[in-house]
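Engineer: Residues per chain, in single letters:
There are 2 protein chains.
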Amino acid sequence: MDYIRDGAEIYRRSFATIRAESDLSGLPEDVAGVVVRMIHACGMTDLPADIRFDATVVDAARGALQRGAPILCDAKMVASGVTRSRLPADNQVICLLDDPATPRLATELGTTRSAAAVELWRDRIEGAVVAVGNAPTTLFHLLGRLDEGWPKPAAIVGLPVGFIGAAESKDELARNPRGAPFITLLGRRGGSAMTVAALNALADPRE
Amino acid sequence: MDYIRDGAEIYRRSFATIRAESDLSGLPEDVAGVVVRMIHACGMTDLPADIRFDATVVDAARGALQRGAPILCDAKMVASGVTRSRLPADNQVICLLDDPATPRLATELGTTRSAAAVELWRDRIEGAVVAVGNAPTTLFHLLGRLDEGWPKPAAIVGLPVGFIGAAESKDELARNPRGAPFITLLGRRGGSAMTVAALNALADPRE
Chain A
681 MDYIRDGAEI YRRSFATIRA ESDLSGLPED VAGVVVRMIH ACGMTDLPAD
731 IRFDATVVDA ARGALQRGAP ILCDAKMVAS GVTRSRLPAD NQVICLLDDP
781 ATPRLATELG TTRSAAAVEL WRDRIEGAVV AVGNAPTTLF HLLGRLDEGW
831 PKPAAIVGLP VGFIGAAESK DELARNPRGA PFITLLGRRG GSAMTVAALN
881 ALADPRE
Chain B
681 MDYIRDGAEI YRRSFATIRA ESDLSGLPED VAGVVVRMIH ACGMTDLPAD
731 IRFDATVVDA ARGALQRGAP ILCDAKMVAS GVTRSRLPAD NQVICLLDDP
781 ATPRLATELG TTRSAAAVEL WRDRIEGAVV AVGNAPTTLF HLLGRLDEGW
831 PKPAAIVGLP VGFIGAAESK DELARNPRGA PFITLLGRRG GSAMTVAALN
881 ALADPRE
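Chains as they are written, first to last, in this note's numbering: chain A, 681 to 887; chain B, 681 to 887.
With the rest of the complex left out, here is chain A (with noise of 0.2 Å):
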């Protein structure tokens, strides 16, 4: 079989095509390489028209990574795939969906506990960089909290996935952002892969 081994030029000839076939015309130049990446972990050159973001995401994410910031993860896929090696300051990677709080909090707020997790986030979101790659009921929560007055994160990637509540907290999130920077890819795509590609971005520039 006749085909390429050299990682190297793999992801050279992968980011050639994706910036060859998708319409990245749109959007600044630091968001494209985000959506580069989207692109690159789910094999779609189509998501630039459903791309919706805030002009300051960029910065506002790596800034808070070379600070030194936690990203807080709905999912452990999520938190498993972020390359440590491309976070600027050795950020904690943190996923409370299995705290033993989680189930208990579910029951009392009549919610998912993917929903349930975000409770456990209150006292480590001021500038933290949230990402929601899984549930849409976790971003609902999260907008729900920052309605009452939670401290804001700083900058909210919001790629929950499917068929129930996906597309409707996305567009949620980019009707009204609460103030935060946001990505989000409007519609019923989205999820784990899609996330981690974008964290991983956000936290290094490199392709």
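A couple of the hints might just be wrong.
The list cannot tell twin chains apart, which means a pair is met if one copy fits it or any two copies do.
[Stated by the list, open to error] Lysine to aspartate or glutamate pairs mimicking DMTMM-like chemistry, simulated, CA-CA at most 20 Å apart:
(1) 756 / 730
(2) 756 / 778
(3) 832 / 739
(4) 756 / 788
(5) 756 / 770
(6) 756 / 799
(7) 832 / 689
(8) 832 / 703
(9) 756 / 689
(10) 756 / 848
To be clear, the hints were calculated from the coordinates, so they are not data collected in a lab.
With chain A fixed as given, assemble chain B onto it according to the hints.
Structural biologist: For chain B alone, coordinates are given in the frame of chain A:
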């Protein structure tokens, strides 16, 4: 904000939406169950047209897991995402990408680390469930070793993603699966989230 907070209801409506909107008519019932979970993980109902499979794949993978077979994964995100409580025999979920031997093997073989890690599967592959959710070179390298007479895995979940080699490696798997029951998605799409969804469905038929 008005949204559904009941996790069980979210699942029920999600799977109902997927079954209403996707054309599963060309798939045996057990394979359709796997594809429904893959759709759930990516938000795209058009996967079925690109799915290729061996009709025995679900029985083969599920039987192997019930007999205690390990799952060999190409990426840590894949290993991280498998829901341990769905595994029928507390099966090992193994990713050897970070094994100390992998970088040296990659240099010796002139290939990627992802492909080199396949070498470390040699003594565990017979009857194992193999899951490739990231690197096309992993799938190519595995197929090459099977051509050379390696023992056969019980099943191959072949879902590498991307622009260089992904479509080609999955075409190769679908054209000639080397006697291994398989499931794949033609084209550039794939990735760790979809692969985890397939594994979780193979491990346990419950939606």
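Engineer: Confirm or reject each hint.
Structural biologist: A quick look at each hint next to the structure:
In this assembly of identical chains, residue 756 and residue 730 lie within 20 Å of each other by CA distance neither inside one copy nor across copies; the values are 26 Å within and 28 Å between. Taking identical chains as interchangeable, the C-alpha atoms of residue 756 and residue 778 lie at most 20 Å apart whether they share a chain (9 Å) or sit on different chains (18 Å). With identical chains, the CA atoms of residue 832 and residue 739 are at most 20 Å apart within one copy only, with a shortest distance of 16 Å there and 49 Å across copies. Taking CA atoms no more than 20 Å apart as the test, residue 756 paired with residue 788 passes in neither setting, with 23 Å inside one copy and 34 Å between copies.
For the homomeric pair residue 756 and residue 770, the shortest alpha-carbon distances inside one copy (18 Å) and between copies (19 Å) are both at most 20 Å. In this assembly of identical chains, the alpha carbons of residue 756 and residue 799 lie at most 20 Å apart only when taken from the same copy (17 Å versus 27 Å across copies). Taking identical chains as interchangeable, the C-alpha atoms of residue 832 and residue 689 are never at most 20 Å apart, the minima being 40 Å within one chain and 31 Å between chains. In this assembly of identical chains, the alpha carbons of residue 832 and residue 703 never lie at most 20 Å apart, being 32 Å within a copy and 43 Å across copies at closest.
With identical chains, the CA atoms of residue 756 and residue 689 are never at most 20 Å apart, being 30 Å at best within one copy and 22 Å at best between copies. Taking the shortest alpha-carbon separations for residue 756 and residue 848, neither the intra-copy value of 23 Å nor the inter-copy value of 30 Å comes in at or below 20 Å.
Of the numbered hints given earlier, the model fails hints 1, 4, 7, 8, 9 and 10; all others are met.
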